[in-house]
Amino acid sequence: MHISPVMWQFLMKWLTNSALFPREASTIAPYADALYFFLLLLTVVGLTLVCTLVFGFSIRYRKEKNPVAEHVEGSTLLEATWTIIPLALFLIVFVWGALLYFRIYNPPTNAMNVYIVGKQWMWKAEHPGGQHEINALHVPTGRNVQLTMISQDVFHSFSIPDFRVKREVIPGRYSTVWFNATTPGTYHIFCTQYCGTNHSVMIGEVTAMSPDDYEKWTQTSTSGTSLAQNGERLFASMGCNACHSGSAAARGPNLAGVYGSKLQLTSGSEVLVNDAYLRDAILNPSQHITAGYAPIMPTYQGQISEDGLIDLVEYIKGLKTNYRVQQTLTTSQSNQAAPTTPGVVKP
Amino acid sequence: MSATHTIVNLPDQRTATLPKRTYLNNEDGLLSWLLTGDHKRIAMLYLVSITFFFFIGGAFAGLIRLELLTPQPDLVAADTYNKFFSMHGIIMVFLFLVPSVPATLGNFLIPIMIGTKDLAFPKINLLSWYLYWLGGLVVLGAMVLGGVDTGWTFTTPLSTHYLNTHVVTAAMGVFILGFSSIFTGLNFIVTIHRMRAPGMTWFRMPLFVWSHYAASILMVLGTPVLAITLVLVALERLFGIGVFDPTKGGDPLLFQHLFWFYSHPAVYIMILPGMGVISEVISTFSRKRVFGYTAVAFSSVAIALFGFFVWAHHMFIMGVSNYSALVFSLLTMLVAVPSAIKIFNWSFTLQKGSITFETPMLYAFGFLGLFTIGGMTGVFLGALGMDIHLTETYFIVAHFHFVMVGGMLMAFLAGIHFWWPKMTGRMYSESLSKLAAVTTFIGFNLTFLPQFILGYLGMPRRYHAYPQEFQVLNVLSTAGATVLGVGYMLPLIYLAWSLKYGAIAGNNPWQATGLEWQIQSPPLTENFIETPIVDHEAYDYEWLEHKTAHEVTTVG
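Quick mapping for you: the protein sequence lines, in order, are chains L and X.
Quick note, the first sequence lines up with residues 1 to 347 if you use my numbering.
Quick note, the second sequence lines up with residues 1001 to 1556 if you use my numbering.
I should point out that these hints are in silico values taken from the structure, not numbers from a laboratory.
There could be a bad hint or two in this list.
Claimed, not checked - Straight-line C-alpha distance at most 27 Å; calculated DSSO-like pairs for lysine-lysine:
id : chain 1 : residue 1 : chain 2 : residue 2
1  : L       : K65       : X       : K1434
2  : X       : K1547     : L       : K65
3  : L       : K65       : X       : K1352
4  : X       : K1020     : X       : K1117
5  : L       : K262      : L       : K216
All chains, please: the whole structure from these sequences, using the hints.
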């Protein structure tokens, strides 16, 4: 058979460009692959065993060889063996899998944070420094990066196969995932939870860059205002500072230093103030009344977008003293328009 | 083929005739079929119906594979593709897999295997079939009106707030189908409890009956949860009641808990009856009682019980608490054990047997291999950390196709080939059917093995278009699907052919021990001339030999 050289070239290119195993581009990947190969080994051993038994018995005891079957009722010993050995192996897999799960889902405390908002059908990445990206994410190598993710509409799922991480992005609730990229390069981002018409277009690229390149990137692609600055502006324009003024007689609790602290609520329960709590306290204030305050805060459900909520959370996170709130009080009237940097994608 | 290689024992074809009076010709006319209470006729109605839906679902599978031949979204529009895989899932799960073995083989055989005339509630049995068609027509209606694109999982809030397709219609169809399944399960449970022939104790029942009993419990206890979940989806969509809507204080994850509370046990509803078939087939063709009968019987019940407590393993990455994830992962590992036990028990049934390799046995061997892979890859997904990378990718697609298609469909075909002579009185072509078994096995592996690799590469499921570097594996998979399609068309042809031209099978072509093989083929409407009295264990080949020898001396 004759294959034309052009055809041959095409075929070779097609075959050599195809993938068989994903790259290991994060610190977690080797751990995930180790478990994967252990499981593959178990499968191959199990399958070989079953095939050996089936084919071995089929050859040894086929009718020509063994015209009359010999009756065997069963064997407690054998049955105990193939109950206990698989059970033991599966328990090893369970423990190993659980350790890996905690490794992937418990973020280290020193991780830098990037917010991800999923919506039909795009990924928005928002860096605290004011870099906004769509269907792209720039991260430095060698640093722990935590993603705090939320969906504006339906369930999505944020997956970076080459990092072996994935997490559901849920409407109305923050979920997190973290990784530490090891190799500079670009890697696929997929939405893996079916989310409607353009599910398969909800893809993007992570660009892992050396710390120096990343530094350059952050300098050149910032929108000019950080998330906290956006939050500050929103804080003023929504009139939050009318009550959360930080003064002793204020109608709302003091927000300076509130992030990370433990709050006593009127319901009697104690909560840790984190991103999720702050978000929920803005949207459903009546559920979260700080002890000693009247339930007068209105709900902001439907009035602030997920991006706006992230800005507010970032702002409150960074409030160390009331000085900043006081400043906002005095400047909020004069400084409403955000400065815009041309050429930067900003949702 | 010489007599030493086979156990097939057909009557002398020159003198053999079909019995004069059978359940097939007892009454004539379309109405006699549509108003029948006979479990065998209802089984045949089901067989025709599920075959019809299987080929519709299969056509959608073919279209999906055809689209995925190229990385570009070039065959159909995105919405159309989404409708294809939704209809494929809904039809295959609710209209084929759930009723496949129970409603056809189970319906036909359970009363005969336990020595009774019919199921406990023949009219409810007929009602099940009508509900099946009503549900099926509503689903087809949703398809004809413009389709539905929720996926078979109806995930909220996508299904309730964001899609403008016939979600309520499709959900209503599945709701109705649920009742068909509940009635079948109820009928089996009552029949098995109350109508066993004298001497047919629980531990003399064939394992086929045991596995149907376990599956019936799941049908009766699990399906109502699905029904109420779908009602909530419809109410949320029509009236915005807010149960699953976070802005109204609802919880979108609640839907997933409710849905998987049914849909995980549903996996066992689908596979357990198939396991029953495999027990019968392997025992018959190795002329031996199933190794460790009690262990196999109890492992069915264990699977049914554990099956209710593993649903959240579909949600490991969805923000369920770490500790509940731990519990569900552990329980998932435990449910894998009874399946492993069954595989080894079946393998050891062959030991010291006298094995022959007729078509049902080939399908059963296919089942053993494919189900082992399907089961082991389930352990990958049950391991928490591994699940993070593998879930929602083609790995999971390959995994459940190995269990559902490689497992259940192989078992269904094994069963159909095994009991075809009993149901119709005719044999099919031996060589063609062996060819079909081998073609199916090869086609299946070619279709789904590449998908494991694709899954580990990270290719997400339900993607209409994909990156260039995944193409080679997708082409292999589509090629395999073509072979698989041929493998499924073949039985349709030679089985239909056998109805008129097949050799007369006689009462017991495989020399099997079940009560169904001791009566004429096809059976009488009443099954037995007189109520059988059971005085032997299941799979007692010595009893059968003794009985046959006895018959010969009486006649002589």
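How the hints compare with the structure:
1. K65(L) / K1434(X): holds (22 Å)
2. K1547(X) / K65(L): holds (25 Å)
3. K65(L) / K1352(X): Holds, at roughly 10 Å.
4. K1020(X) / K1117(X): Satisfied, since the Cα-Cα distance of roughly 19 Å is no more than 27 Å.
5. K262(L) / K216(L): Violated, because 38 Å separates the two Cα atoms, which is more than 27 Å.
In summary, the one numbered hint that this structure violates is 5.
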